[in-house]
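Asks: The listed protein sequences derive, respectively, from chains V and Z.
Residue numbers for the first sequence, in our numbering: 1 to 277.
Residue numbers for the second sequence, in our numbering: 1 to 266.
Incorrect hints may have been included.
What the hints assert, rightly or not - Quick list of simulated restraints, FRET-style, between CB atoms:
# : chain 1 : residue 1 : chain 2 : residue 2 : range
1 : Z       : V24       : V       : A127      : 54 to 60 Å
2 : Z       : V125      : V       : F32       : 35 to 41 Å
3 : Z       : I174      : V       : E273      : 50 to 56 Å
To be clear, the hints were calculated from the coordinates, so they are not data collected in a lab.
Positions of the beta carbon are idealized from the N, C-alpha and C atoms, including for glycine.
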Amino acid sequence: MLAPNTALSAEADKRAGAGAPVVEILSADKVFPDGTRALAAIDLTVASNEFLTLIGPSGCGKSTLLKLIANLLEPTEGRILWWSGGFHKVGTRGRSIAFVFQDPTLMPWARVETNVRLPLDLARMSAAQSRRRVADALSRVGLEGFARHYPRQLSGGMKMRVSIARSLVVEPNLLLMDEPFGALDEFTRNRLDADLVRLWWERKLTTVFVTHSIYEAVFLSTRVIIMGAQPGRICKVMAIDEPHPRDESFRNSPRFAEHCRALSALLTEVSVEQMRS
Amino acid sequence: MRPLAQSETFMTVAAPLAVGVLAVALWEIACRSFNVPVFLFPKPSDIAATLASDWPTLLAALGMTLRIALQAFFAAIVIGTLIAFLFVQSRAIEMSFFPYAVLLQVTPIVAIAPLIIILVKNTQVALTVCATVVALFPIISNTTLGLRSVDPGLVNLFRMSRAGRMQTLWRLRIPSALPYFFGGLRISSGLALIGAVVAEFVAGTGGRSAGLAYEILQSGFQLDIPRMFAALFLITLAGVGLFTVMVGLSKLALGAWHESEVGADA
Numbered sequence: 001m002l003a004p005n006t007a008l009s010a011e012a013d014k015r016a017g018a019g020a021p022v023v024e025i026l027s028a029d030k031v032f033p034d035g036t037r038a039l040a041a042i043d044l045t046v047a048s049n050e051f052l053t054l055i056g057p058s059g060c061g062k063s064t065l066l067k068l069i070a071n072l073l074e075p076t077e078g079r080i081l082w083w084s085g086g087f088h089k090v091g092t093r094g095r096s097i098a099f100v101f102q103d104p105t106l107m108p109w110a111r112v113e114t115n116v117r118l119p120l121d122l123a124r125m126s127a128a129q130s131r132r133r134v135a136d137a138l139s140r141v142g143l144e145g146f147a148r149h150y151p152r153q154l155s156g157g158m159k160m161r162v163s164i165a166r167s168l169v170v171e172p173n174l175l176l177m178d179e180p181f182g183a184l185d186e187f188t189r190n191r192l193d194a195d196l197v198r199l200w201w202e203r204k205l206t207t208v209f210v211t212h213s214i215y216e217a218v219f220l221s222t223r224v225i226i227m228g229a230q231p232g233r234i235c236k237v238m239a240i241d242e243p244h245p246r247d248e249s250f251r252n253s254p255r256f257a258e259h260c261r262a263l264s265a266l267l268t269e270v271s272v273e274q275m276r277s
Numbered sequence: 001m002r003p004l005a006q007s008e009t010f011m012t013v014a015a016p017l018a019v020g021v022l023a024v025a026l027w028e029i030a031c032r033s034f035n036v037p038v039f040l041f042p043k044p045s046d047i048a049a050t051l052a053s054d055w056p057t058l059l060a061a062l063g064m065t066l067r068i069a070l071q072a073f074f075a076a077i078v079i080g081t082l083i084a085f086l087f088v089q090s091r092a093i094e095m096s097f098f099p100y101a102v103l104l105q106v107t108p109i110v111a112i113a114p115l116i117i118i119l120v121k122n123t124q125v126a127l128t129v130c131a132t133v134v135a136l137f138p139i140i141s142n143t144t145l146g147l148r149s150v151d152p153g154l155v156n157l158f159r160m161s162r163a164g165r166m167q168t169l170w171r172l173r174i175p176s177a178l179p180y181f182f183g184g185l186r187i188s189s190g191l192a193l194i195g196a197v198v199a200e201f202v203a204g205t206g207g208r209s210a211g212l213a214y215e216i217l218q219s220g221f222q223l224d225i226p227r228m229f230a231a232l233f234l235i236t237l238a239g240v241g242l243f244t245v246m247v248g249l250s251k252l253a254l255g256a257w258h259e260s261e262v263g264a265d266a
C-alpha cells in the first residue's frame, strides 16, 4: 500500500488538480467461477478529489466493483488503469489505496495504536515516522486518548473510527469504503458521516464509497452512481452540486430533501425497469 | 456491586472447598462408625498417615511420572505445532495426512503401548513416546483449526498492504491461532499425564523406573490399600496442577484481549 514514492505521487496528483483521473475502468466485466455475472460493461472514471458514491439494490455488484478498484479482484474482461502523476500504471504497485471494510476488521490482540500502525509496519516504515503519522491519524478521528486501548474496550462507532484512522495513515490518494457505517445506529452514523466529509475536504481525499442509504449518499457525495442488478451495471449518474464542507445545517436544508427525493426517484426508476425486463 | 463480587469469589473458591471438606469428613466418619477394614477401604486419616510415612518414595514416584508426562507434553507441543504448520501450507497435505492423525487419536494407547515398549529399548523413552502419542492429537487439530481461523477481512487488508508470507504468519496467523492453541494445551496436558500413567501400567514392574502407576500396582500386590490411595491422590494432584498452570499461561497470553479470558469488567 505504501511505496517510497507514494508521498511524491500524491503530491503530483494534487498539483494536477481536481478532475484528473485517478482510476479508469474500461468496459470491465466480472464473472465469478460459479457463472454469476456480477458486473457487465462497466465504464467509470474516478476523478481526483471527488467523493463518488455507489448505490443500488443488494446484489448489484457495488462491493465487487469496489474490490476491482482495490485490485483485490481482477476483471474477467476489460481493463483498469490506475493513474499517478499523469502516468498510468498497470496494477496498484506504487499507488496508495486504502480500504475501509464493512466491519472494523481490527486485530483484537493488538492495541489501537498497533492496529492503526499496521499498514506502515507492513511497509517497514521507521518507528519515528510512523509514530507521528499514527498520532496524527488518531487525532483526526478524535481518538487521541485511546491509543493504548484494546478494540474490545471500544464501542462500534469508535472501532470504525480506528479503522478509518488506519486507512488515513498511509496518506492514500484513493480511499475506498464498503458500507463502513452500515452496522451502526443512525446517530453514530450521522456523526461519522459528518466527520468523514470534513476529513475528505481537509485532506483533499479521493473517495469511492458504497452505501444502501439515500441520505448518506446525498450528504457525502459529489457524484452518485446508481447501479442495477443482474448483471450489475451502471444505470444512472447524479451529481450533488452543493458547496463543501457540508455539515448538519445541510442535512436539515430543503435542498438536501430535494436531492434525496430526486435520488429516490432515480432508484425507483431503475428497479421498475429491472422488474419489466 | 461489591457484595455480589464478594459472593462471586466465595462461590468459586469457598463453595467447592466446603464440599470437599464435607465429603472427606463424611468418609472418615462413615469408615470409623462402620468399622471398615483398612485393606477394603481406608479412612482419609490412614491415607494421610501413609503419605507422611512413605513421602520420600511417593515423591520420587511422582517426580518420575511428572517427568515423563512433561517430556511427552513438550514433545507433543513441538511435533503437533510443526505438523499443524505443515497442514496449513496446503489443503492437499492436510487431506492426505489428517486421516492418519485421526488414526493416532482413535487407537487406544493400551493397545499400542506394548508394541512401543518392545520396539523402544529404553523404558523411559518408550513411556515418553506412549504419552506423546496420546497428547499429540489435540495440539494438531486445534492449532490447525486456529491457523485457518483468520478473519478474511484482515487477510484482505494484509494482501492490500502487500504483506509478505512471513509478515502474514507472524502478525496475523499465529496471533489468530493462539486461543485455539491454548485450548489444545489444556486438553493435551491432561492427556500427557494419563498417557504416562497408562504406559507405566502396561510396562508394569519390568522397568526400573518407578512411577506412580508402578506404586499403585505394587500396593495392589501387597494389599497396601492406603498407599494405593495415596498414589492416586498424587496423580490427581499432578493433573490439577498441570491444568492450573495451563489456565494461568493462557490467561497470561490472552487475558488482555480474548473473550474467553475477559471477565465481567469488560
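Asks: Using the Cβ atoms, figure out if Z:V24 sits within 54 to 60 Å of V:A127.
Replies: For V:A127 against Z:V24, whose Cβ atoms are near 59 Å apart, the range 54 to 60 Å holds.
Asks: Between Z:I174 and V:E273, is the Cβ distance one that fits in 50 to 56 Å?
Replies: 51 Å, holds
Asks: Does 35 to 41 Å hold as the CB distance between Z:V125 and V:F32, or does it fail?
Replies: 55 Å, violated
Of the hints listed earlier, the one the structure fails to meet is number 2.
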